[in-house]
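Chemist: Using the hints, put the two chains back together into the complex; each one sits in its own frame.
Residue numbers (my numbering), protein chains in the order written: chain A, 158 to 546; chain B, 303 to 1189.
In short, the hints are calculated from the structure, not lab data. On a predicted model such as this, the values are computed, not experimentally measured, just so you know. Hints are not guaranteed to be accurate.
Said to hold, decoys possible - Partner residues aside, some chain B positions facing chain A, computed with beta carbon under 7 Å:
| id | residue |
| --- | --- |
| 1 | N324 |
| 2 | L327 |
| 3 | E334 |
| 4 | E338 |
| 5 | N703 |
| 6 | K761 |
| 7 | P763 |
| 8 | R772 |
| 9 | Q781 |
| 10 | I784 |
Cβ atoms here follow ideal geometry from the backbone N, Cα and C, with glycine treated the same way.
Residue-level listing of the chains:
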Amino acid sequence: MQKRNVVFVLNEYNGHGGAQRVASILAEDFVRDGHNVAVLSINEQKDAPSYFSKDIPVQIVQKNGYRATAPKELSSNLKAFRLNTVAKELKRRRELAKRKQEVEKFFDKYGDQEVFVIVIQVWGMQWVQPLLYRPNVKIIGQSHESYIASKASSRYKRILRYYRQVSKFLLLTQKDADHFEGQGFSNVGVIYNPTPFRKQVDPKVLYSSKTIVSTGRLIEAKGFDILIEAFSRIAQDLPGWKLEIYGEGPAEKSLQTLIDILDLNDRVFLMGQTKDVQAALSASSLFVLSSKAEGLPMSLIEAQSCGLPCISTDCAPGIREIVGDYKNGYVTPVDDIQLLSRQMKRLLTNPELFYEFSQRSYESSARFDKEYIKSQWYDLFEEIGGNEK
Amino acid sequence: MTNSMNINQKPPKLSVVVIAYNNELYIEEALESLHEQTFEDMEVCVVNDFSTDATGELIDKFVADKPKFKAVHLKENSGGCSTPRNTGIAHTTGEYVMFLDGDDWYTIDACEKMVAAIERTGSDFVGGQVIRTNNYEIWYQRQIYNMERTNINIREFSMMLFDSLSVNKIYKRSFLDQNQLRFPEGIHYEDIVFTGKAYFLADSFSIIPEPVYYWRVVENADVKSITNRRFEFDNFKNRIVAHRLFDAFLREHGDILYQANKNNKFLRHDLKLYTNDYLEFDEDYKNKFHELIYEYMHEVMDAYAFIRLPEKERIMYYLLYIGDKQGFQDFLSYKEHLPTSIPRVYSKGGSYYFKTTAEGRNHEKFLKMENLEFSVSIDSLELTQDALTFDWNATMESITNSEAYYSWMLKNRQTGAVIYSRQTSGGKALLPLNHVVPGNYYLFLNVSHQGNLHRYLVKKPVIAHLPNLRVKDSTYSRQLFINNKNSFAVKVAPLKKKDQAAWMLNKRKAASKEPGILEKVFSPYAKNFFKKLSVKPNWVLFESHMGKQYSDSPKYIYEEMRKSHPQYKFIWSFENPDAVEVPGNVVKVKRRSLKHYYYLVRSKFWVDNQGIAHLTRKKKDQVYVQTWHGTPLKRMGYDQKKLPSDEELAKLRVQTNAWDYFVSPNPYSTEIFKRAFRYGGEIIESGYPRNDIVIQKPQDVIQKVKNHFRLSPEKKVVLFAPTFRDWDPNSFQKTLRDIQTLSQSVSEDTVVLLRLHYLLSERIGSKDLPSNIKNASTYQDIQELYLIADSLVTDYSSVMFDYALLERPIILYTYDLEEYLSRRGTYFDLVEKAPGPVCRSIEEVIAFINDPQKLQAFDPALHSFAEEFGSIEDGHAAQKVIERVFK
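Same shape as in the complex, but just chain B (with noise of 0.2 Å):
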């Protein structure tokens, strides 16, 4: 059986065992390349494990005449690599072990490279890099064999289990006989156990960033080997079973707090390889499938083995965890663009899900989605001068169909310009292109689901047939463009010589945000400067809501001071100057621009209604009225029931010093406010301002914020203003479903207005909203829109009080009263006081809309309550605070 050896003869340094079964083909280049080694001190035993082809002879050929080399032929095929590899350890004496595998080959100096790295470190083995032929690429480089690490061990660098490699290793033989560690016979994927024992029992190893291991990988081939052949469902369980043994290895060895270590890699190597074939796998095969892997996951791992995984694999392996089948089948179709059994996409608090069917609480944390699927395909383009046409078919995948809107939109990337489509209905979408700027403009799909807005930049894959048109006018030449990211676009480009210097100028300076380097250092001296001029004792700076708004009680007192004290020169500053109109002779400044600050500095009197103090150390002869934006309901500043920290204080107390004159509405919130803000300055207890107009109804004012909204006369008008909750990101959604069952229940002659915070006013489109909701959120003034409402449902907002002074009726729609108490917590019982009907239900208030009877019922209430809050407004508010101020 075997070639006689000298036994008296001292074993070589190294034994190398190769392993052979129908390799015909490449056997003599396996041998050849041990033949050819460098080292010299070794032995190599072939062993046969009972080929069919001619692997024997060659192997019997090449040893003959080759004393270093031996030949084992086993009686029967073992049927895998254990029992061959345990055979050449037997059939061996060298004082270190390796292997290879008849259909691969080592490097030249592989032998030598290997023994000289044992030798130096003492490591019971040492791994070296395999390259794999079909593609070059070194086995685990960049995370594992991309540098020397000397006796490390496996506690300390578990990333060396993705190596489940034995023939990349060169071992003690000491270190395999103490430990008995062989080769578990009659199973496959015996590298998985002999590998993973030899880590956890090794007191250390070593890696060496060097080739050795040419393992060869035939593509397209006819027979698969044994760890190809993924489709027979006996391959993922004798896979399973190696798993099994390892995992029992790791409880009796005492290495249990490791398992998540495997797990780990369990995870991201061996069960991707089977979740990647799955939608190929028949019937029978996927039950069992199912079957093993949820019996095996619950046998070595909880559901947070997950967690941290990238989302396709938690997402996946979480619904196998857990059994759900189907779940699982239909997050595969999902990803594929497959129809699923049911919709599985939703959306609760702006993040999305994938729904399981399954019994349990915490599945949400496991099945969240950032990656959404989105099927889009565009053909029959067509351009013309005057639009970009095309059918479209765009589907958010996976979601009850009816949530979602699809518009298209094209962007001019270098300035910014917008151009949506007219016509979205029937597949046709239609951009027009008739007041275009030079530009690319890039081609998006806007999806609007459950309140989420979706950007999907068209890709050119999406375009079924993609024509080169281009189109002249004077002017400007319009083309289909794709550019190098596989963007889609219409190119608008000048025509003339003149125009395209004069683009090229312009998007340049459009490419660079910052401000110019002569502004940058010129800023701080001019500032400086700016500081020491004298101030005018006839400027008045008005700002409103930090400069979002034209608005509030600033407003009113400048609209009064316009007439009565048309000597003062007026400035308001606003983020964004141009957006706003402002009637009469005023300076508009952008907020923090240098001119803004040359204003703040040289400006007598500030008038604002929420804080401006920090922008600037205000001057001994300035004078800051403060006009808040509010009768309180929640409490504020130092009244809250978690008290601010102490920079939050600090910053209050720089607001709070600055302030002159503070404008009070009425002697309860008098009382409120000194207490709050710890204020001891000057309090006007006039009246609101801003209610002046409240109070005075003007006609003019009346008939313009009808025309605004296009409101026929005979409409019956509700205002609907729900605040904002920052603690809870449904809230939103909870609210557009109110409108939905708003706009569906309401009756017929009844239009409402909505007025939305304008951090959730930038997320709805008109275009969402039924044509009996009109989106009043961003309308500068809402005490105007207070005038043609002839009811108001809110909840917590100030809103109450200045409404509740045209005793027209309200609802209070609080369906999270006792969740808003417990975290604001408000300055008198709300329902109690309330000014009208509280509700907790959407449907509760449709009731009440409907039935302006019922609502008679709380006239009371609202009497006295506008009586307790609104007894000193009487309409000439902003006259007091000017007499007090401006003497």
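Chain A on its own, in the form it takes in the complex (with noise of 0.2 Å):
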């Protein structure tokens, strides 16, 4: 195989995050097939741990610590005397303008030879932009969230903006390609996210746990208190089952709280942050995605290639291409805490019903299989590498 020149772009190449995690597994992968691969982040986190094995370089843009803000206008702020915002806005510029440069040069060592860049989020793109014009480096934008979801941040103008031109923009599903392509683009594609990890575990043994699972920072736009909240309302149809949540975060006491009140301590469980995954999965029987938003859940991919059933919110776009309604697990409406319960009672207690969904969630996850992933990735090197133009 060809050997490739592979950078991928990220805001931060470590700490916990959906980005950092994706963007490992491929970059780890890539190594192993001995591509030359290397990381550019803009910022650090300080202290924290990275997915990245020592073998792949990091180069951080910003290297003084500086995060950049959101653009302002100059002549507007300047003629409100808020000199402040502007002396902001000025190093704004500045450290753009330098930082764009550097990266520049971090490129120029690969001298002609071909560099694909993977640009994962979509705030990096601004550093890389220059480098559009140079023959020898073709740019892939990545967008890791649902177009509406973006839509709420200033992300949706800046694909507008940046992602015009790259030689492919990625999508994570169909309805969200469809979207772009809506809206003109003609460079849009669609790649999974591919799962870490893919082994099935017997249905009859996944039942025998008894166990509602949920993974995710425990914030509010995650919707473990609807989650809860449904399964207060089965928990006494369905005894000896329990629901373990993982993860860490700020709402982690107002979800205890609501255990406490609803008098569940015995049933539910806020598991904290788990460093086995794959493990954690496959002692459950039932993965609950409960988001109001979301782009492509790992975590539902992550469930079903452990042979979970799935019920989630249909809070993206792609929910759909991942959980089947009524085929392999069920979609709910967002902040629908009755039929969420319904759903799963309907499921946890129908064994049979259980096991056939178990069986086809993990079928369905063949698509997010590692190696397939992969090898859809290098077609598109190879659809958009060389040098044509």
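Modeler: This is the structure in structure tokens:
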């Protein structure tokens, strides 16, 4: 196989986050296949662990710890004598210009060799933009959230501004890709996130665990309160079943309070962060995602990779691409506690249905298999590579 | 068949009728959503329409231990929703009734909210929000379900007709019973009839903006539900059957007045579903479709049902209505950029229409188009320091191909600078980039079609393959660029820091169109100050045609004065001073600028040919010389057939009161000017200063004009100067066609100089003109053109009076003489006094141009015309005016 140069551009290379995780899975795989991989990280988190192994060189753009703020207009702020804002904006512009040059220098060392730059998060694109016109640099831009979620921030506008000329703009779901195609993008594509592991657990073993599981940062947007409430409605009908939630976050206290109020201390457990997601999933039965907004949730993909049926809120266009409603799981409207509880009960009181959904879930997770996803990336390099321009 | 019921029991408040047919996947969910309702006092009747799957068993199992639930199993499948729902109504007793379909579900408090709403309002029925599960959007949320509406009537809120669902509503049983309102059995689309009738039968109904009903929309479902099988013709037929029942009801119920509202919903909702899919139907379906929709439309509506619809629907439905099947298919093809059977798009008077071959007269008002379709593709983009080149393909859809001319243009949005393509033939375009300034040059396709210019901004999807190209020279980088709105541009950016800063500043300046804040504040004070300054006795301010030209009598007075009165200071005002060249020592000012005002209030003399008196109040010691701009033919001022409004007359008085001298070309005009302008001041009957040149015929001017148009001496020149017909938007197209005909028919040694009104000249690019037609519309001074013209073709213009002085042939081309006379009115009979032949068609005109012999017959007429109107022109009019005014 041809040896490729691949550079991942991340906001921060270290810390916990779906984007870092996905990038590291791909990066390690590329390294294993003998490719030349590097990471360009805009910022870094202080004293945080990294998913990337020591073999992968990391270059940090803002070594001085500066974090770019949102762009502001100069003249109006100047007129209003908001000098502090003006000073900040001038600094932002100066920093951006300087760092852009450093980024250019970083790529100078590749000479005329072909480099594939994978911009994992939209924010990083502003530093990489000057590379667009280098014939040896092929930029692949990604957005790791649904277009609806990105509209809530400046990211959607950034996509419209920066991603129109990249060699490929990758979305996580076909629905997102269709949306941007409708916005006049002619460079969109879809590659799913790879699952870091994939090993089926016998559906009967899963069922016998009698555990509903969910993972994610404990924040309001993940809707764990909905899940706990939904469970409380059916706890009586599901004797012996428990709910385990893995993750840490600011909402921990309020969730614990909710568990106390509902008197479910012996049924619902906040498990904290786990190092071994696969083990936690393999020891559970049913995965429930109760989020309000997502991209293509890794957690659902990981759960299916262990053979867990999933019930998910319809919190992103991609959910229905993972979970087949009434086929291998259920999809319920966001915040509909009643329907969520009814579907959980339906599945858990019907072992035959559970086994069927479990088997189908595992089968459907083949689409997220690491090797398969990797081959799609190699096809993409093949497609956009070459100096025909 | 039914579970036993205690007859002594008081009827429940609410009955919910659930219908199910082969819903084994979802029926439990539907029933559970009812079982969990926060409302207690209710009964549920589940009607199984002879399902062939496990639905029946699931229902029985579910209702077995629930006293509020009962099941009814029909003995045979009814084929629709009506029979099961009616059965459910018959098997229940509750005061209120709601419906639920077996694959949908209620929100947890749907029943509670609906019962509360109907009890609170006392309405006959109440509607709640429906959520579709494919996108979680609420059915007609914005137009209907955005707010609570209490006790409304369909006749005041016809928008409600768009919600023809029956399941999202709670009904008073007494309302259903008293009106014998039931679902019509044996048809599909029962909701159209049931809900439609309910709206018109109800005294009042209400709406609550709360979600109550989840409508499960399964995308890519293997089996489409009844309402989705649009590809079978029976589906369309059934919908029409339902609508006919509703229509019949409206007639019988005395609500025919509201048929139009109902039609509107039918067109915008129901019919649209089928026209959207039309291209996928087979031939047999299409034939039946046209037949039925034609029949149905003519039953209940006329063509004006479409007049207010959006363009696409209006045209589609109108073509269906007049039974133009081919036209309809062509229109759909047109919208998809597919070939049409004949060219369908045509222009008339600057507007576009879709052509129908059907008989009849009033088609155009229904077939007018604003949105034209263009197919454009670009490939093989190349960028160098010198040029942007690419291969292209462009078609304006469904026109006669030879009528459109395509050219490319790059436009710098920041500076307005424009670059035109050098070669457009052969599908290759080259846009030179040698002289660029910083900014984004957006790429446009210009399509010139029948005198209409269409500008098409190139967006990225048009470009098959977009390479990220960048080239640099010492000062600028040029790169291909797509902006956030997907428009394509060549971005030119300065490379040096200093240039970049200067560019940013300029960009900012250019962005603010308003005058600077200093100027705004300063201007009124300055004007006040200027007004108080003394009048300069040797300053003369000139203006011609509101600053648009350096021409006409003011020009000739100025040129004469330059020589005879060099001690004076001369000022000319122009709209665009930099664009006009004026000989001699002269101050050029921008019209209506502060500087212009300064000279306006300080110059003792004003020389003008239209009117500048409204710009400031003329002071006592200022002198206004009004030269006017032509011997009158059409009636003016107070002489007009229809007297102008008081306001216009007041404006005219402002001008005439300010005039101190009025220059007249002949006694005929003198009489008219006095009367038409009610002008009592001094008239200088000197002949026109502008005609001095026509009498003198200076050789150097003749040579200058010939050089300007690159005319070789042996060419015969015809000056074609039609007037502007502001009442007829078609006249421009007519003129263009005439030009084409002229170009093809005049002899080889003839060149036509085209002189159009300035409003029209902007619409015509020299590119569109054949080589033997020269556009002289923007040439500053028409008098100079006379000198090189061997003959003149005009219609009602005062040009003929001036040109007649040369006693060269004049052909009058007055194809619309009657209309002109009736609209404008003339001071004398043009046909009788005409200086040459009066032609009614361009062919006649051409015959005269090509046969000068024939024209000689009109020499006596021309001579007497020149005598009558040019008797006092001796080539020294300017001198006479100057002597009188400047003493």
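Chemist: Checking against the hints above, which ones are violated?
Modeler: 1, 5
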